[in-house]
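**Student:** Listed below are the residues making up each chain.
There are 2 protein chains.
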Amino acid sequence: MSAADLIAHYRKLKAQAATSLTNDAVSQTLIDMALEALDFLVAEANVVPLTSRVAGKTYRAYRIGERISRPINEASFIADPDGLTKAVKSFSAAKLKAMPASDATRLIYTMGMAFYAALDVLKDDDKKTPATHFEILAARIFAMLFAVQPTYAIPLQASAGAVADELPTDYIFDLGTGKPKIHMPVKASTRERVIQVWAHQRILDGAYGHGTYKGVLVALNETKLDRQRLIVTEICVPLQWRVYQKYIAQMDRVYYLDPPAAYLALAPAITVKPFCELFSDLSHFQG
Amino acid sequence: MSAADLIAHYRKLKAQAATSLTNDAVSQTLIDMALEALDFLVAEANVVPLTSRVAGKTYRAYRIGERISRPINEASFIADPDGLTKAVKSFSAAKLKAMPASDATRLIYTMGMAFYAALDVLKDDDKKTPATHFEILAARIFAMLFAVQPTYAIPLQASAGAVADELPTDYIFDLGTGKPKIHMPVKASTRERVIQVWAHQRILDGAYGHGTYKGVLVALNETKLDRQRLIVTEICVPLQWRVYQKYIAQMDRVYYLDPPAAYLALAPAITVKPFCELFSDLSHFQG
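Chains A and B, in that order, are what the protein sequence lines are. Under the working numbering, think of the first position of the first sequence as 293, with each following residue one higher. Under the working numbering, think of the first position of the second sequence as 293, with each following residue one higher.
Just chain A, with the same shape it has in the complex (with noise of 0.2 Å):
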């Protein structure tokens, strides 16, 4: 496999993510790329083992010449093509919500991280490719728990008499009339602009009344590597969120897939949990 093979998966499944996201094929083709991808580790490249700063975790990356991939949390990754083979036809609604919570997050963390340390070691720097396929698995598994196409803007009129204009967002999905719709911004980490996942949620917000729009953050991982001492850390700020949360607006839950024990502290101020408790949180948004 070359990088430019993963990138003709990529630019399919982005396709297939902007005509439909409730369409079946863009399942399929996230396993697709999933598979493929950890074959080509398997086959091509070295497990190297990592200093893991984060306490109760444990990373590795694959290495290819210079280049060495993200660090990946062992726990949550299936590492052997087979179990990965078996594992992915549980990728479906209804299975996801029916299996154990370990296994959806082993499923779904993955799922991901295949893909990404296979690009990491075939191209070089390359972050839009695997920021925006998160965004498409993310969105991917909320279109079809809730069986809804997200729209990605909202209309807003920015003054009396203007004509309305459209506010660019992350993900919207709209439960349908009498439910909240949630608000749902993807990021890989959270560094540098998260910010603004707060500053939408205020405007959702002022625009619409509290609790139009639940805010959901669905994010993977804040670890950071050190690729000269081969070192994990976590780079977490969880005063900045309290400010945030205090002052900006209220997020009404953040998921992650490697959530960082930092922000699982915030509860109650802030409900931070693993991305497989979205699962058995389903009555929450349907409510």
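Hints may contain errors.
Copies of the same chain are indistinguishable here, so a pair counts whether it falls within one copy or spans any two.
As the list claims (entries may be wrong) - With a straight-line Cα cutoff of 30 Å, these simulated BS3-like cross-link-like pairs (lysine-lysine) come out:
| # | residue 1 | residue 2 |
| --- | --- | --- |
| 1 | K538 | K381 |
| 2 | K420 | K471 |
| 3 | K378 | K471 |
| 4 | K306 | K516 |
| 5 | K471 | K538 |
| 6 | K420 | K516 |
| 7 | K378 | K565 |
| 8 | K516 | K419 |
| 9 | K565 | K381 |
| 10 | K306 | K387 |
In case anyone wonders, no lab produced these hints; they're calculated from the structure. Note that the coordinates shown come from a computational prediction; the quantities given were computed from them, not determined experimentally.
Please arrange chain B on chain A, whose structure you already have, making use of the hints.
**Tutor:** Quick look at chain B alone, frame taken from chain A:
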């Protein structure tokens, strides 16, 4: 002159600014940098006329070999080294307040643009150095005018009983007891991250009460150069700004060195002004 010479000046400026923005040595370094940069451009670079798609404004660039500078507004630029040598003698609080506004604009705009253009033709894709230089230039002018050293963080208590923490911010100028404080973000251009400006203002309003901190955004320009076709455009999103101002927080002023008409037209919803009007607005802040 080489890129290394310019960067050496810049390092000196950064060190001086980190020590004290009220020190006149900062002005002298800013002046030295502008004069040397303009001498260099006149001696070594070619002037490239640009096609302007910005109504009422004409732009030039400088070029050495394959490297072309950012666009420079002809009407606001002192292109003649003798002219700039005379003009910089007015770079003091007393003289800036007393001189015609158009002369003040030309002086300050040229002190920024000469350096950025020289850097552009000497070095590839350095965005951080011009952005930081522009922050120091703007902050030095505020520090001169108000005779106040700014700070870069505000104390905040994120939750009852929690340890007080600091929120890193842009410049904060405390004008003294009973007077408003100035929250001054500085942006070379506002693309991408400007929502952060309103979000920080919201935190200040929430934590300290409306009116305690006056939000003053200082920006250079919103120009974009098509380097193949040599066409200058301005990229503006006035409807998004209206939404931020209505729903997130209220910025007190926005000052532009090269103000886009689309943002000037936001008044009275948002008071956007040419930078030089700052010099006649001082009583608004000191009142």
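**Student:** Please go over all the hints and tell whether each is borne out by the structure.
**Tutor:** Hints, verified against the model:
1. Neither within a single protomer nor between protomers do K538 and K381 lie at most 30 Å apart by alpha-carbon distance, with minima of 42 Å and 48 Å respectively.
2. For the identical chains of this complex, K420 and K471 are neighbours neither inside a copy (33 Å) nor across copies (46 Å), given an alpha-carbon limit of 30 Å.
3. Taking identical chains as interchangeable, the C-alpha atoms of K378 and K471 are never at most 30 Å apart, the minima being 36 Å within one chain and 67 Å between chains.
4. Taking the shortest alpha-carbon separations for K306 and K516, both the intra-copy value of 27 Å and the inter-copy value of 28 Å come in at or below 30 Å.
5. Taking the closest pair of Cα atoms, K471 and K538 come within 30 Å of each other both inside a single copy (25 Å) and across two copies (26 Å).
6. With identical chains, the CA atoms of K420 and K516 are at most 30 Å apart both within one copy (17 Å) and between copies (22 Å).
7. In this assembly of identical chains, the alpha carbons of K378 and K565 lie at most 30 Å apart only when taken from the same copy (26 Å versus 63 Å across copies).
8. Both within a single protomer and between protomers do K516 and K419 lie at most 30 Å apart by alpha-carbon distance, with minima of 14 Å and 24 Å respectively.
9. Taking the shortest alpha-carbon separations for K565 and K381, only the intra-copy value of 25 Å comes in at or below 30 Å, while the best inter-copy value is 60 Å.
10. Proximity of K306 and K387 under a CA criterion of 30 Å is satisfied intra-copy only: 25 Å inside one chain copy versus 58 Å between copies.
Hints 1, 2, 3 from the list above are not met by this structure, while the remaining hints are.
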